[in-house]
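Chains as they are written, first to last, in my numbering: chain R, 252 to 368; chain P, 1263 to 1374.
Do not rely on the hints blindly, as some may be mistaken.
[What the hints assert, rightly or not] Which chain P residues stay away from chain R? Per the calculated CB distances, all over 12 Å, these:
1) 1306
2) 1316
3) 1317
4) 1359
[Stated by the list, open to error] Computed cross-link-like contacts, DMTMM-like style, restricted to lysine to aspartate or glutamate with a CA-CA straight-line distance of at most 25 Å:
5) 1319(P) with 277(R)
6) 1319(P) with 280(R)
7) 254(R) with 1362(P)
8) 355(R) with 1362(P)
9) 355(R) with 1347(P)
10) 363(R) with 1314(P)
11) 1275(P) with 306(R)
Keep in mind the hints are simulated off the structure, nothing from the lab.
Cβ atoms here follow ideal geometry from the backbone N, Cα and C, with glycine treated the same way.
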Amino acid sequence: AQKITQTQPGMFVQEKEAVTLDCTYDTSDPSYGLFWYKQPSSGEMIFLIYQGSYDQQNATEGRYSLNFQKARKSANLVISASQLGDSAMYFCAMRGPYSGGYQKVTFGTGTKLQVIP
Amino acid sequence: KAGVTQTPRYLIKTRGQQVTLSCSPISGHRSVSWYQQTPGQGLQFLFEYFSETQRNKGNFPGRFSGRQFSNSRSEMNVSTLELGDSALYLCASSLTSVNEQFFGPGTRLTVL
């Protein structure tokens, strides 16, 4: 079975500080992709970063980086130099390999991040 | 470049009715995915289309269906609506792979 766990329902971070949002996953497949999305209060989902299970290096996109620890099955999102606009819900997700023509997609329950001025 | 558009933005239906939601992807994008978001079940993947073919689907009953047209626009249809179908329906498009998707603003469906 494929599962994503985000254990932090809510977090606070001071503006300009770095913050780590936790994500652990469970799968028996060697091939998978891990994603992070941001959803501000407006509701529109924003793709942030992607990490493939065979990628040797941690993914980075601007102020976002994914701390991928395969042995521990964790894919934590690190936001450097937090900004007020980073206040939002953050979702971790996983796509498994294609099996029988279909690819399982699983989302975590999300972490609500609030950036304090 | 215009983003992903979804119509309508808000919709109110009653149980037993059917509904069709529309999604226009970013120009040139051939992959369209649909997601359902509810307070109880969270985010769930519905289906994905690529070049008019369903490439992937989630675990939803047959009441949920979709299609993609030759211009990559996509529609999803829910028949025999139930109260539990009340949700935010999100559409996302990408060039080919789903590794970088762009989302629309969503359609908020309320079933009374």
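Would the hint linking residue 1275(P) and residue 306(R) be met if the CA-CA limit is 25 Å?
violated, 45 Å
Is the nearest Cβ of chain R still more than 12 Å from the Cβ of residue 1316(P)?
violated, 9 Å
Proposed proximity, residue 1362(P) with residue 355(R) (alpha carbon, max 25 Å):
holds, 17 Å
Given the hint that residue 363(R) pairs with residue 1314(P), does the C-alpha gap stay at or below 25 Å?
violated, 36 Å
Claimed clearance of chain R by residue 1306(P), with the beta carbon kept past 12 Å:
violated, 7 Å
Given hint residue 1347(P) paired with residue 355(R) - CA-CA distance at most 25 Å:
Holds, at roughly 21 Å.
Mind checking the alpha carbons of residue 254(R) and residue 1362(P) for me, to see if they're no more than 25 Å apart?
Roughly 21 Å between the alpha carbons, so the hint for residue 254(R) and residue 1362(P) holds.
Least C-beta distance from residue 1317(P) to chain R larger than 12 Å
violated, 8 Å
Quickly compare the C-alpha distance for residue 1319(P) and residue 277(R) to 25 Å and report which way the hint goes.
holds, 20 Å
Consistency of the no-contact label for residue 1359(P), given chain R and a CB cut of 12 Å:
About 9 Å separates residue 1359(P) from the closest Cβ of chain R, which leaves it inside 12 Å; violated.
Going straight from one Cα to the other, do residue 1319(P) and residue 280(R) come out at no more than 25 Å?
holds, 19 Å
Violated hints, listed in ascending order, are 1, 2, 3, 4, 10 and 11; each of the other numbered hints is respected by the structure.
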